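Chains as they are written, first to last, in my numbering: chain R, 1 to 408; chain C, 1 to 408; chain G, 1 to 408; chain H, 1 to 408.
Any given hint could be a false lead.
Treat identical chains as interchangeable: a pair holds within one or across any two.
DSS-like, lysine-lysine: derived pairs with alpha carbons at most 25 Å apart [what the hints assert, rightly or not]:
| # | residue 1 | residue 2 |
| --- | --- | --- |
| 1 | K313 | K327 |
| 2 | K79 | K8 |
| 3 | K371 | K397 |
| 4 | K394 | K207 |
| 5 | K303 | K371 |
| 6 | K394 | K380 |
| 7 | K303 | K122 |
| 8 | K249 | K155 |
| 9 | K318 | K394 |
| 10 | K380 | K313 |
| 11 | K313 | K371 |
| 12 | K394 | K327 |
| 13 | K155 | K397 |
| 14 | K386 | K207 |
| 15 | K327 | K3 |
Simulated from the structure, these hints should not be mistaken for laboratory data. Nothing here was measured: the structure is a model prediction, and the numbers come from that model.
Number of protein chains: 4
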Amino acid sequence: MQKTDEVKVMRDPIHGYIHVDEQVIWDCINAKEFQRLRRIHQLGGDFQVYHTAEHTRFSHSLGVYEIVRRMVGEIPHLKESLNEYEKVTAMLAGLLHDIGHGPFSHAFEGISALKHEEYTVKIILENSEIHHILEAVDPNLPKDVASIITYQHPKECMNQLVSGQLDADRMDYLLRDAYFTGTSYGNFDLERILRTIRMVDGRIVVKESGIHSVEDYIMARYHMYWQVYLHPVARSYEALLTVLFKRLKDLYRIDTSICEAVPMFAPFLSGEAASIEALYELDEAAALYGLSCLIKWKDDIAKDLSYRILNRKLFEYKTIRNSEDDKDIISEVEKLGYNPEYYVFHDAVSQTPYSPYARNENGHNIWVLEKDGSVVELSKASDIVKALTNADLKEEKKVYYPVEHLVL
Amino acid sequence: MQKTDEVKVMRDPIHGYIHVDEQVIWDCINAKEFQRLRRIHQLGGDFQVYHTAEHTRFSHSLGVYEIVRRMVGEIPHLKESLNEYEKVTAMLAGLLHDIGHGPFSHAFEGISALKHEEYTVKIILENSEIHHILEAVDPNLPKDVASIITYQHPKECMNQLVSGQLDADRMDYLLRDAYFTGTSYGNFDLERILRTIRMVDGRIVVKESGIHSVEDYIMARYHMYWQVYLHPVARSYEALLTVLFKRLKDLYRIDTSICEAVPMFAPFLSGEAASIEALYELDEAAALYGLSCLIKWKDDIAKDLSYRILNRKLFEYKTIRNSEDDKDIISEVEKLGYNPEYYVFHDAVSQTPYSPYARNENGHNIWVLEKDGSVVELSKASDIVKALTNADLKEEKKVYYPVEHLVL
Amino acid sequence: MQKTDEVKVMRDPIHGYIHVDEQVIWDCINAKEFQRLRRIHQLGGDFQVYHTAEHTRFSHSLGVYEIVRRMVGEIPHLKESLNEYEKVTAMLAGLLHDIGHGPFSHAFEGISALKHEEYTVKIILENSEIHHILEAVDPNLPKDVASIITYQHPKECMNQLVSGQLDADRMDYLLRDAYFTGTSYGNFDLERILRTIRMVDGRIVVKESGIHSVEDYIMARYHMYWQVYLHPVARSYEALLTVLFKRLKDLYRIDTSICEAVPMFAPFLSGEAASIEALYELDEAAALYGLSCLIKWKDDIAKDLSYRILNRKLFEYKTIRNSEDDKDIISEVEKLGYNPEYYVFHDAVSQTPYSPYARNENGHNIWVLEKDGSVVELSKASDIVKALTNADLKEEKKVYYPVEHLVL
Amino acid sequence: MQKTDEVKVMRDPIHGYIHVDEQVIWDCINAKEFQRLRRIHQLGGDFQVYHTAEHTRFSHSLGVYEIVRRMVGEIPHLKESLNEYEKVTAMLAGLLHDIGHGPFSHAFEGISALKHEEYTVKIILENSEIHHILEAVDPNLPKDVASIITYQHPKECMNQLVSGQLDADRMDYLLRDAYFTGTSYGNFDLERILRTIRMVDGRIVVKESGIHSVEDYIMARYHMYWQVYLHPVARSYEALLTVLFKRLKDLYRIDTSICEAVPMFAPFLSGEAASIEALYELDEAAALYGLSCLIKWKDDIAKDLSYRILNRKLFEYKTIRNSEDDKDIISEVEKLGYNPEYYVFHDAVSQTPYSPYARNENGHNIWVLEKDGSVVELSKASDIVKALTNADLKEEKKVYYPVEHLVL
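Just need the whole structure built from these sequences, with the hints factored in.
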């Protein structure tokens, strides 16, 4: 693999510096699909709660790359067992794992026929600037990078680095989102975790002496979910986006002039898979400009919802504990002159900080290396994690709806 | 003044929390002109150097408000000498001082007939949501707020709070920009400065015991200017914006179809002052979408420059120490097939960390209250500041130009 | 209560500043019994693991005072319900709660007939500089301060401030010990907890919106216990102190010349309660000097143990999981030529992060104020805390012993 | 050189971790002379101003070692030009450079015939545990380590690492003292300085791109001197120590029974050089215990001064601007019943943040590597440093004296 002339470094508040000395990494960073990530926020609607959560998937992707780079260079046994090609492949998978994201993250997937993971793989494998950079290095590189992202690389540890339970992706975003929201919930001791990770029998494990750091990391995840990612005000913003996109798709079926009003959304409204070029063009700048066009357009619902999104006239919310709790909401919304199909939104969220065996035995557990050399699943080694795993964690149901009629 | 039902707080990494308990402040924050600041980055092109510098004028404006709020509530003599109306007026001036910014800050002023300060005043005084909120509280409130922003309020201390040499604006942005770039240069001891500020004879002064904190703040300014605000890579991005805007104005004179291609820029191309509605609509989302439209448009220069801006194909730069240093650049640029009128950009920057008497005696000096009760200008009280003030600080001249021809 | 001429402030890394404006607080800080706390480390043997854990009970005591000061000045309902005298009493209790500590914290209590809490009360009530300062303000002040420290103040909330489950003492030491060890385990969001505390029916409660901060605080306690307070290397240091003190008491019974060799320890060797003057004189400087005297004294065991303590020749340790695990240790220690009575030390530690009803209903639970106005015990309101409370948390047994014979 | 079995790491708030993988380093850390540094505070009397400044020379010495370790392992050209033996020698010099310190740093040198640097060299070269550890590795190692500490190593860069103008000693103590005082003055960007250091022609230089970090470091030094190291309250504490030591030496000449009262001070009172064993035994625990003995002894002056030191009854101070300013002080002190010879103390302090050529050309300048490859002295390359170097920085004169007569 070709090295850069000198080590490139980029100042980063989470990692001190991001270090790049592989030419292919540098070229991918400068590719237009990667630069586009500067125009996709990391945290959807969370800036509506934490006003400084304005960071993008660009810096997060660099951070994931940096953690993978340290892992493949520092973890005993792992660093010796991977060759240069495999190390760079893992770093590229870390760097590119979010390249297929559309605007506003999860809400956008409501109109898109493909999920962001599918777009990520398509961008890597199809006719993109990223693809050509990878292919020029080695014809197998695109599919090898993609195989890590789909958790199908034949070397289990390669998959675990990027998307296990103790992976570079989660470790970067917890620290980064904590920093940019200004909360302390997401903090844990990354240095200590990296120092206590080992590879045993081709699997990433953490030494028993690092178990308290891992417990801290599990709790960080738990708190960040409730305090940041699932915050009802952020969900309210995403609810507005979801019902707006639903409205646009409904309009498309009866009046395709919507495609001229907001051409950036057009390729996504038919229900068929849009091209990677269409995704490239729909960054958040385009999407936000689209909203400002809708405010001036003829459909009252799209106008009202777009105005609410741009100007933070969010829906209110109410927690639903029994079936009576939302019974009057539809009629109240109708009284305000709104159509409940778009103006009443139900949401249910739940999360467990850590669930062993959730998907498959190897990739989705955290493994602990005990002093006697045996390897056990985390909830067997940690009383705290066992308690959390067995806990009966409640689901929260909420309904979102407007409480005032806007005059536009 | 009407209070909010309860104190509203917003988590902020710089100040811990932003506290709001005045209804008019809360209403202004929720006005559409203020919410638009979420779509204007604080630091123009600096995210090209420091990839996490993605924060916006929204959070900075809240921060300035918070510092003014603390000043009028905590500084001895000041807090007693201002009435409630004056305190809220000062807080509003802090909150709204940047409301007139266009996209990409300074580069944009190259095409705009009005400066951002002029738009700020117009938004406060004319037909805007902000104006109506202020006017409803007191018919004089809009002009009183504006008078602070233009440094013309009859009470000198009111002007100093927001735009003196030791003002809430600079104190917030140094700390905030340091945090979001991940550098340590902008740090200084805000708590200690706030604790040692006093009001003497209607003027903001700092006690002698706070002089080292002020020296530290002056040095923070110096370092942030060279390391962040005037960084040549950020200037290269702004150079591209400047020559693109120049191209758009030149095109407008010969072919007004440019107005259909990028309607968001149209009101600013004629050279006449655009309305505050036109400014409202030209946020950075609109401007970035405009660039993506220009990439597909017919003019090769606008296409090339827009592509460079969106995809970080920046101009290189060279420091000019004598007149020989740039003599071959024009011909080299021409050899690449580019028009030097748009592809060679000269820039000269300089800064002094602190210049007493730079504008007028009262507002633009920092005053020190000595132990014997006398008040002297800072460079008389601090050996370090005196040395800096007398230093022969050099101007840096650079030329920016492309080194490759892009094939689009 | 008499105010100081101006607010005294002391820079503090945890709280920014410690603020003092009550003369009696200032006088107590300057009393010789309080200044002595500068010579008592906060964390016993932890500096043997975390070399920067060199902070003292002096700064911790100021920190507890500062949190109490903020609580009685900021918490809604509480601040209105306490009069000036009660507020100052609570602040004094926070300031003075650790005044009776001997050297090396817990190990010392092995030779002392009185616990540190008993000495604290005696210093406040008997013939000390502190006592005279308090008494001069109000003859009831000494006993009122003492009643909070013994959790017997008639106003329940006064007791809770200083020694409940969510008290100023724990909140300061978790943050402070995390800072000075350089670990991140003890961090939690103090500001948010302070903002969500209320008083309801004379009891300190935390609003439901602060529940995640409290969960974070509970986990901080859990992690600090295992990673810092109960760290086996720190316990090994304390084991050495414990067996040395046992040796000194045993020697005293057969040869009182030990009293001339180490006069500072003499008053504590008989088994009777020593005076507060004797405690005053036995700070850690005296105790460490005593160890250096014992190194030159005639008893081989005292000499060896003192040498080990001063020069970090700690005992090794072994975890005991079943009764076989320590069976050979006594004979191995004897083979090294050591007396197992002093050279084999068994230790068992366990901890639960939070145990409702552990002592009594009111003081030792954390109470949550739900949105409907009801108050419930924390483990009823938090799934996580409920899981931790029900968890079967293991006790750890270890044996400590030397592995080399020192030649002195 | 023998490596340790595995890398030993110690958590450190300044450097994250201290890493040790050389056996000789590990053995020196565990030697009794090095462990003694846990009983010598880093900052003399500064804990009287900044109550958390309770850290010791033990952690500072580890920090200096860690920076040297990084320098010899990371700096381009330097790392290739030193062999293993030289690298370890440099690390040892960093680790051991403060091993000869007595209690209370500078004040103690008033009674000691030797300076701490001289004791450091004696401990390394004579009959100490440290010496034997070094000698066992290589008979030349003691003198090679000592040669760096005396700035006489034949390789100039080796001297610069530990005691140049941009050395590991200063860089650690500025950051560490800032952290433990809780001030922000000492902060600068260590990572960036380490990244921009190079070796050119056997000399340590800093690249032009690192010049702003170095300016920041110079200012950090300036502010730490005035705000911490030369703070008048800390000086007042040191003044008390100085006049007490003067009293002890005067007493020794007339009555050697002082040697029985405070045997730990005895070897230092005659004016002859005390042995390294005597220095070993006089740690701060012994010295503080000595003060408590003096409080009970017969000499009223020693009693009073010792009481003042232990219980923070400091001298007041007055700035002297002209010869009239202190004229009445002697008579006022006499009126209080005190002997002015011990109770009036004059002090003059001044400092320049950076003085080129102060001692010799190579070692005591900071050198800048310009982009064209030339090397210039810092004040030639930095306008700010040039201004500071030329500044007329004032000397501050103060007189310290008691304002109350203590009744003991």
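Hint-by-hint comparison with the structure:
1. K313 / K327: within (23 Å within a copy, 57 Å between copies)
2. K79 / K8: both (22 Å within a copy, 20 Å between copies)
3. K371 / K397: between (44 Å within a copy, 16 Å between copies)
4. K394 / K207: Result: close only across copies, 19 Å inter versus 32 Å intra.
5. K303 / K371: Result: close neither inside a copy nor across copies, 63 Å intra and 35 Å inter.
6. K394 / K380: both (23 Å within a copy, 12 Å between copies)
7. K303 / K122: neither (33 Å within a copy, 27 Å between copies)
8. K249 / K155: Intra 42 Å, inter 57 Å, cutoff 25 Å: neither.
9. K318 / K394: within (16 Å within a copy, 41 Å between copies)
10. K380 / K313: Neither: 48 Å inside a copy, 35 Å across copies.
11. K313 / K371: between (56 Å within a copy, 24 Å between copies)
12. K394 / K327: within (22 Å within a copy, 48 Å between copies)
13. K155 / K397: neither (40 Å within a copy, 40 Å between copies)
14. K386 / K207: within (18 Å within a copy, 28 Å between copies)
15. K327 / K3: For K327 and K3, the Cα distance exceeds 25 Å both inside one copy (64 Å) and across copies (34 Å).
When each numbered hint is compared with the structure, violations occur for hints 5, 7, 8, 10, 13, 15.
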